[in-house]
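Number of protein chains: 2
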Amino acid sequence: MSRMTESTPDRPRRITIHDVARAAGVSLTTVSHALNDRGVLDPATRARVKRVAAELGYRPSVRAQRLQSGRANCIALLSSMPFAVAGGTSRLGFMMEVAAIAAEAAMGRGLGVVLVPPLEGAGGLLDTLDIDGAIVIEPIAGDPHIARLRERGVSIVSIGREPLTDTPVPCVDLQSADTARLLLAHLHGHGRRHIGLMIGAAPRQSYVETERAYREFTQAMGLPCHIVKAAEEHGEAAGADACAQLLAQMPALDALCAPVDAFAVGAMAHLQALGKHVPDDVLVVTRYDGIRARSAQPPITAVNLHLERVASLAVELLFAHLSGDRSRDVITGPAPELVVRASSTPGV
Amino acid sequence: MSRMTESTPDRPRRITIHDVARAAGVSLTTVSHALNDRGVLDPATRARVKRVAAELGYRPSVRAQRLQSGRANCIALLSSMPFAVAGGTSRLGFMMEVAAIAAEAAMGRGLGVVLVPPLEGAGGLLDTLDIDGAIVIEPIAGDPHIARLRERGVSIVSIGREPLTDTPVPCVDLQSADTARLLLAHLHGHGRRHIGLMIGAAPRQSYVETERAYREFTQAMGLPCHIVKAAEEHGEAAGADACAQLLAQMPALDALCAPVDAFAVGAMAHLQALGKHVPDDVLVVTRYDGIRARSAQPPITAVNLHLERVASLAVELLFAHLSGDRSRDVITGPAPELVVRASSTPGV
Chain C
1 MSRMTESTPD RPRRITIHDV ARAAGVSLTT VSHALNDRGV LDPATRARVK RVAAELGYRP
61 SVRAQRLQSG RANCIALLSS MPFAVAGGTS RLGFMMEVAA IAAEAAMGRG LGVVLVPPLE
121 GAGGLLDTLD IDGAIVIEPI AGDPHIARLR ERGVSIVSIG REPLTDTPVP CVDLQSADTA
181 RLLLAHLHGH GRRHIGLMIG AAPRQSYVET ERAYREFTQA MGLPCHIVKA AEEHGEAAGA
241 DACAQLLAQM PALDALCAPV DAFAVGAMAH LQALGKHVPD DVLVVTRYDG IRARSAQPPI
301 TAVNLHLERV ASLAVELLFA HLSGDRSRDV ITGPAPELVV RASSTPGV
Chain E
1 MSRMTESTPD RPRRITIHDV ARAAGVSLTT VSHALNDRGV LDPATRARVK RVAAELGYRP
61 SVRAQRLQSG RANCIALLSS MPFAVAGGTS RLGFMMEVAA IAAEAAMGRG LGVVLVPPLE
121 GAGGLLDTLD IDGAIVIEPI AGDPHIARLR ERGVSIVSIG REPLTDTPVP CVDLQSADTA
181 RLLLAHLHGH GRRHIGLMIG AAPRQSYVET ERAYREFTQA MGLPCHIVKA AEEHGEAAGA
241 DACAQLLAQM PALDALCAPV DAFAVGAMAH LQALGKHVPD DVLVVTRYDG IRARSAQPPI
301 TAVNLHLERV ASLAVELLFA HLSGDRSRDV ITGPAPELVV RASSTPGV
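Order-wise, the sequence lines are chains C and E.
Terminal number for the first sequence in the UniProt record's numbering: 348, no gaps in between.
Terminal number for the second sequence in the UniProt record's numbering: 348, no gaps in between.
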């Protein structure tokens, strides 16, 4: 027997369709037809069944309604970004910021948002969730979550384009090339000419675009080009290691562009441990304007990605696809804006 | 037809139990019994159905499995604390911190967490969600969400005791009296003798316990007792207004205990606008150690409620009740710890 109908001393037994049928002296099918205004029924019988149901306090089960409507009224929110990056010690990262806004936007459309944290077991959980759609944050190339959900026929949109494919899932584009150019121009505008780039090793669109923008920028400006890659799952420690590699390649490093906030914080700690001053010796900038960037010492210059708008657009796009409107596949997100902080404000 | 089985050019039609039955030349019931290892079947038929299902690439529908198991594999997380308090401009409040941890703990038990934001429409959404259980954050007396869920027979636990009832839902107690005593002793220890209290007007257990602890403390110490209440839905503005009321009652105010972070920030802004220095003229302390307390100017002394542990305990307690183990009804949460910041460190 289902847990939902279980009876306990302090929880009265749920009134079921069986109780209504018994009390009204009709079949289960008649009750169902009467309450759902379907089938061919004597109007008096229909009225009587409805009255009996009301008297008994019968409420249709959510699960039965769901089976009838074919809708789960739920979407999943997931990310393949490891918690070392997506969360951090306080766990208040990018994903949870998107979650808060997406939950609000989805509720306005009668949809709940189920969180699927980027941890081992996410795939297994996903397989057991009854969902209409999913929002995937910054998918990697060949994202396993997307593959699993596609196989089930679940509608998917991504925040950040699915990389390295000609047929990405519908997405809200994060404008990562623009973000990279904004950060690089800021560093260059402070007279820095030895700008290193640190990105993640996973195949994500934001890294692909950032690397391309950096190569174009350094070439156009006649600057040295040094790129290091760090493993997302090692978070701040990977940022520190990658910073050591970068300094070995580029001892005159005077500016660091590290779009992953965990990497930026780890790299900054490494620079400071070497006795280098941030920002006087090395400017440091990052992308996600979260609690890590804001609470670092010094606070780190970041980019306002307008996540509120991005998350709302993602819910809107998913809702359109769920409703059969497939006219839009890529929505251009809002233009990124620089949030200048002490880590790139030298000599103050 | 259900959206889940819809066919589109880039989404191959889902293989259903009907396809398996047709290809194997057996009835739907036989397929169901064969694949679920139920019923009385010829072993050769069972094997053949399984082989055909595998060849066709049949995967059972989550919804059908769910109906069979009677489990949704989902729990809801909800709060009646208005977003003005729970979220704030960055929306990274108490609820989302709990959500991140609860999602992680729940996933370890094969459960997804659905967010139900504290906004208009939460009740309606809740009625349509297929959930096994729910965690309610700091319920109010006669909490409408709890009433709705109880009626449906959904298992509920709360974070913070359900107030003003002898039969509260099972809960992780937030130890609000201890938190209040910790904050009051800290203010008193700095020599402050005109300590005002600002709490929310809603009937929540944390306010009930805080008010009682404050009355006992001021009486025991022979201090004046001045309590103001603010409306949660007005957030920081309500804190500023309540601060004005408090100053009218107690012009010599030299310390303010405002457990709601939004109120503390609003009150501090009001004090500063009057030319009063925080902390030299007035010490300010709050409860929730979130982004608001940390990023205020000056940063506000708060309490580490060990939300990570609290949220994990809540999931554990809910899981126990879902599994039929009702042996524990109230779990005492971890002891609160003071996090001293500039707002209560005078003369530095």
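Careful, some of the hints might be misleading.
[Said to hold, decoys possible] One side only, chain C facing chain E, incomplete, derived with CB under 7 Å:
hint	residue
1	ASN73
2	MET107
3	GLY112
4	VAL113
5	LEU125
6	GLY153
7	GLU216
8	GLN219
9	ALA220
10	LEU223
11	PRO224
12	ILE227
[Unchecked claim] Anything over 10 Å on all C-beta distances counts as not near chain C; from chain E, calculated:
hint	residue
13	MET95
14	ALA122
15	THR128
16	HIS194
[Claimed, not checked] Using C-beta positions, here's what the derived DEER-type ranges look like:
hint	chain 1	residue 1	chain 2	residue 2	range
17	C	ARG328	E	ARG309	42 to 52 Å
18	C	GLY57	E	LYS276	53 to 63 Å
19	C	ALA335	E	ALA273	50 to 60 Å
20	E	ARG148	C	ASP325	49 to 59 Å
Since the hints were derived computationally from the structure, they do not count as laboratory data.
Source: prediction; values computed, not measured.
The beta-carbon is built from N, C-alpha and C at its ideal position, and this holds for glycine as well.
Checked hints:
Interface hint at ASN73/C: satisfied, since its Cβ lies 5 Å from the closest Cβ of chain E, which is below the 7 Å cut-off. This hint holds: MET107/C has a C-beta 5 Å from the nearest C-beta of chain E, less than the 7 Å allowed. Given hint, GLY112/C at the interface with chain E, holds; its Cβ is 4 Å from that chain's nearest Cβ, closer than 7 Å. Contact between VAL113/C and chain E, as hinted, is supported at the beta carbon level, the nearest pair being about 5 Å apart and thus within 7 Å.
With a least beta-carbon distance of about 5 Å to chain E, the hint placing LEU125/C at the interface is held under the 7 Å criterion. With a cut of 7 Å, the hint placing GLY153/C at the interface with chain E holds, because the nearest CB-to-CB distance is about 5 Å. About 33 Å separates the beta-carbon of GLU216/C from the nearest beta-carbon of chain E, more than 7 Å, and the hint is not met. With a least beta-carbon distance of about 38 Å to chain E, the hint placing GLN219/C at the interface is violated under the 7 Å criterion.
Interface restraint check: ALA220/C against chain E, minimum CB-CB distance 36 Å, threshold 7 Å, status violated. Because the closest C-beta pair between LEU223/C and chain E is about 35 Å apart, greater than 7 Å, the hint is violated. Hint status for PRO224/C relative to chain E: violated, with the closest Cβ pair at about 37 Å, above 7 Å. The beta carbon of ILE227/C comes no nearer than 32 Å to any beta carbon in chain E, farther than 7 Å, and the hint placing it at the interface is violated.
For MET95/E, the non-interface assignment is contradicted: its Cβ lies about 8 Å from the closest Cβ of chain C, within the 10 Å cut-off. Residue placement check: ALA122/E does not keep its beta carbon more than 10 Å from all beta carbons of chain C (closest about 7 Å). With a closest Cβ-Cβ approach of about 5 Å to chain C, THR128/E is found to fall inside the 10 Å limit, against its non-interface label. Against the 10 Å criterion, HIS194/E stays outside the reach of chain C, whose nearest CB is about 33 Å from its own CB.
Between ARG328/C and ARG309/E the CB atoms are about 44 Å apart, so this pair conforms to the stated range of 42 to 52 Å. Separated by about 57 Å at the C-beta atoms, GLY57/C and LYS276/E satisfy the suggested range of 53 to 63 Å. Against the hinted window of 50 to 60 Å, the Cβ-Cβ separation of ALA335/C and ALA273/E comes to about 35 Å, which falls outside the hint. Range check, ARG148/E to ASP325/C: Cβ separation about 32 Å, and the 49 to 59 Å hint is violated.
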